[in-house]
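Sequences and hints are given; from them, build the entire structure.
In case you want the letters, here they are:
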Amino acid sequence: EAGVTQFPSHSVIEKGQTVTLRCDPISGHDNLYWYRRVMGKEIKFLLHFVKESKQDESGMPNNRFLAERTGGTYSTLKVQPAELEDSGVYFCASSPGPNYGYTFGSGTRLTVV
Amino acid sequence: AQSVTQLGSHVSVSEGALVLLRCNYSSSVPPYLFWYVQYPNQGLQLLLKYTSAATLVKGINGFEAEFKKSETSFHLTKPSAHMSDAAEYFCAVTTPSGTYKYIFGTGTRLKVLA
Numbered sequence: 001e002a003g004v005t006q007f008p009s010h011s012v013i014e015k016g017q018t019v020t021l022r023c024d025p026i027s028g029h030d031n032l033y034w035y036r037r038v039m040g041k042e043i044k045f046l047l048h049f050v051k052e053s054k055q056d057e058s059g060m061p062n063n064r065f066l067a068e069r070t071g072g073t074y075s076t077l078k079v080q081p082a083e084l085e086d087s088g089v090y091f092c093a094s095s096p097g098p099n100y101g102y103t104f105g106s107g108t109r110l111t112v113v
Numbered sequence: 001a002q003s004v005t006q007l008g009s010h011v012s013v014s015e016g017a018l019v020l021l022r023c024n025y026s027s028s029v030p031p032y033l034f035w036y037v038q039y040p041n042q043g044l045q046l047l048l049k050y051t052s053a054a055t056l057v058k059g060i061n062g063f064e065a066e067f068k069k070s071e072t073s074f075h076l077t078k079p080s081a082h083m084s085d086a087a088e089y090f091c092a093v094t095t096p097s098g099t100y101k102y103i104f105g106t107g108t109r110l111k112v113l114a
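One line per chain: the protein sequences are G and B, in this order. The first sequence maps to residues 1 to 113 in the numbering used here. The second sequence maps to residues 1 to 114 in the numbering used here.
Everything labelled a hint here was simulated from the structure, so no lab data went into it. We put the CB at the ideal spot given by N, CA and C, even for glycine. Careful: at least some of the hints might be erroneous.
Unchecked claim - Taking beta-carbon pairs under 10 angstroms as the criterion, some of the chain G residues facing chain B (in silico):
1. Y35
2. I43
3. K44
4. D56
5. F104
6. S106
Right, here's the structure in full:
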């Protein structure tokens, strides 16, 4: 089966610009998660979708971040406007349920300059 | 609240030596625990998981971990290190309710010396 796909793999943008990250989960996985790792720190939860509904967005840093999941399939994470502290690696993961663990994508490395 | 502590951000072992990566957790409810590995330029790959069944869990690539409730630990071991084991390893905890979001440790980078 195809894995979790994220693109772009790298993005370098200037402060104040907008960036949209995309995640395509494994087909049939209702649960989709976004995580972020800032350099040298731990991987932190951003939000969780079940199908197209946001179940938990307690980890979203602020209202510059907007996540959507169209029709319960792929998801996008938009950062607008980007700030320097948004730099890091953004991971997407999908799962059919809690006993299975997650399948992670390769991540998007975002650099804001 | 849950938390995970991984002792040692960098660990070096000789090829063929025992690998021991430490993970201690804090959880007010019975946890689920996971170990993930990240190779360069790749995503996180599930090594093994504890979901309240057997306390000794065997995973891929010869790794195993033992859930010790009394010590709140879930250390990862491998009897004999290979050069290909060089990677970053993450321990994570979650609870089997709610959103199942993970709390990750800060990661341990394993270096294998020839």
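Going through the hints against the structure:
Of the supplied interface hints, the one on G:Y35 holds, with its beta-carbon coming within about 8 angstroms of a beta-carbon of chain B, less than 10 angstroms. At about 4 angstroms, the closest approach between the beta carbon of G:I43 and any beta carbon in chain B falls short of 10 angstroms, and the interface hint on this residue holds. With its C-beta approaching chain B no nearer than about 7 angstroms, G:K44 sits inside the 10 angstroms limit, and its interface hint holds. With a cut of 10 angstroms, the hint placing G:D56 at the interface with chain B holds, because the nearest CB-to-CB distance is about 4 angstroms.
Contact between G:F104 and chain B, as hinted, is supported at the beta carbon level, the nearest pair being about 4 angstroms apart and thus within 10 angstroms. With a cut of 10 angstroms, the hint placing G:S106 at the interface with chain B holds, because the nearest CB-to-CB distance is about 4 angstroms.
This entry satisfies every hint, going by the numbered hints stated previously.
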